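Asker: Spelled out from the first residue to the last, the chains are:
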Amino acid sequence: MNDLDLVRELAAGLPLAPRPYAEVAARLGASEEEVLARIRAMLADGRIRRIGAVPNHYALGWTANGMSVWDVEDAAVGELGPQVGALDFVSHCYLRPRRPAWPYNLFAMVHGRDRAEVEAKVARIASLLGGAARAHEVLYSRRILKKTGLRIA
Amino acid sequence: MDELDRRIVNALQGGFPVSPRPFEEAARQLGTDEATLIARLRRLLEQGVLTRFGPLFNAERLGGAFTLCAMAVPRQDFERVAAIVNSFPEVAHNYEREHRYNLWFVVAATDTARLRQAVAAIETRTGYSVLDLPKLDEYFLDLRLAA
Numbered sequence: 001m002n003d004l005d006l007v008r009e010l011a012a013g014l015p016l017a018p019r020p021y022a023e024v025a026a027r028l029g030a031s032e033e034e035v036l037a038r039i040r041a042m043l044a045d046g047r048i049r050r051i052g053a054v055p056n057h058y059a060l061g062w063t064a065n066g067m068s069v070w071d072v073e074d075a076a077v078g079e080l081g082p083q084v085g086a087l088d089f090v091s092h093c094y095l096r097p098r099r100p101a102w103p104y105n106l107f108a109m110v111h112g113r114d115r116a117e118v119e120a121k122v123a124r125i126a127s128l129l130g131g132a133a134r135a136h137e138v139l140y141s142r143r144i145l146k147k148t149g150l151r152i153a
Numbered sequence: 001m002d003e004l005d006r007r008i009v010n011a012l013q014g015g016f017p018v019s020p021r022p023f024e025e026a027a028r029q030l031g032t033d034e035a036t037l038i039a040r041l042r043r044l045l046e047q048g049v050l051t052r053f054g055p056l057f058n059a060e061r062l063g064g065a066f067t068l069c070a071m072a073v074p075r076q077d078f079e080r081v082a083a084i085v086n087s088f089p090e091v092a093h094n095y096e097r098e099h100r101y102n103l104w105f106v107v108a109a110t111d112t113a114r115l116r117q118a119v120a121a122i123e124t125r126t127g128y129s130v131l132d133l134p135k136l137d138e139y140f141l142d143l144r145l146a147a
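From first to last, the protein sequence lines stand for chains D and S.
So the first sequence is numbered by this note's numbering: it starts at 1 and just counts up by one.
So the second sequence is numbered by this note's numbering: it starts at 1 and just counts up by one.
Label-pair distances were calculated between CB atoms; the ranges are:
#1 D:M1 <-> S:G14: 21 to 29 Å
#2 S:S87 <-> D:A123: 35 to 43 Å
#3 D:A75 <-> S:S19: 43 to 51 Å
#4 S:S19 <-> D:R142: 38 to 46 Å
#5 S:A35 <-> D:R142: 38 to 46 Å
#6 S:T124 <-> D:A116: 37 to 45 Å
#7 D:R142 <-> S:T110: 28 to 36 Å
#8 S:T110 <-> D:M1: 19 to 27 Å
Calculated from the structure, these hints are not laboratory results.
Bear in mind that the values here come from a model prediction, so they are computed numbers and not experimental data.
Just so you know, even glycine gets a beta-carbon here, dropped at the ideal spot from N, CA and C.
Model the full structure from these sequences, guided by the hints.
Answerer: This is the structure we're talking about:
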């Protein structure tokens, strides 16, 4: 067994059984101890972000999904980006390049039970960024076209 | 969903034990037992409240090349273009968004050369240019959704 075998075996999730790691080990012809050690190592170096339940946003009522995009001064984004990312309602926050037709360099994904909730959260990001953000927009998702089948957002 | 389901969803979005009897350990902290926790998780998955139960991988740390792409597609051509984009195995996620740039998708490949090839092939086959926005830095902590 190597790490890649283990990643493939775990792609669909952990077996829902009293000794899930032992089951995974048996499928890979390895010991439970080895599986536990490899998973701990992947958690430690960040190849595994976390282990647990992955909820369906829609099923939990988080139906509004807004990708907020911001044109933040280059000199300030290195300091402000992590502050935006640390907000508890921001699920993903990335620095990306600007393009001639695209002025926005900071992307922050915001979820809410409705658009008013997303807008209130976006307003908090705006006040955090202050004058360093020259412009922003919120791109709401309308449909997931690929990922978990087609769903109307 | 009852109160126990809610506690399970809220408490188990991370930190699941990496030990021989993890459900038993987690159940004890939730004030329930191993068999009940396993049965509840099975039902939450069947109901679609959970999409998965297990490790959440950081795909980039596992290796490979990724980028976020956007396209501005006229309304009347949207379904055709979305279907072409979806047909690429390199396209992992694809969302329709309300904006002039209305098609947003993530392209993943084993290396940068293959990533560039896939993006170029998407442009050729759809006839639209792609806004290629690779990640330069990442700032987030993982979100945990309240049930």
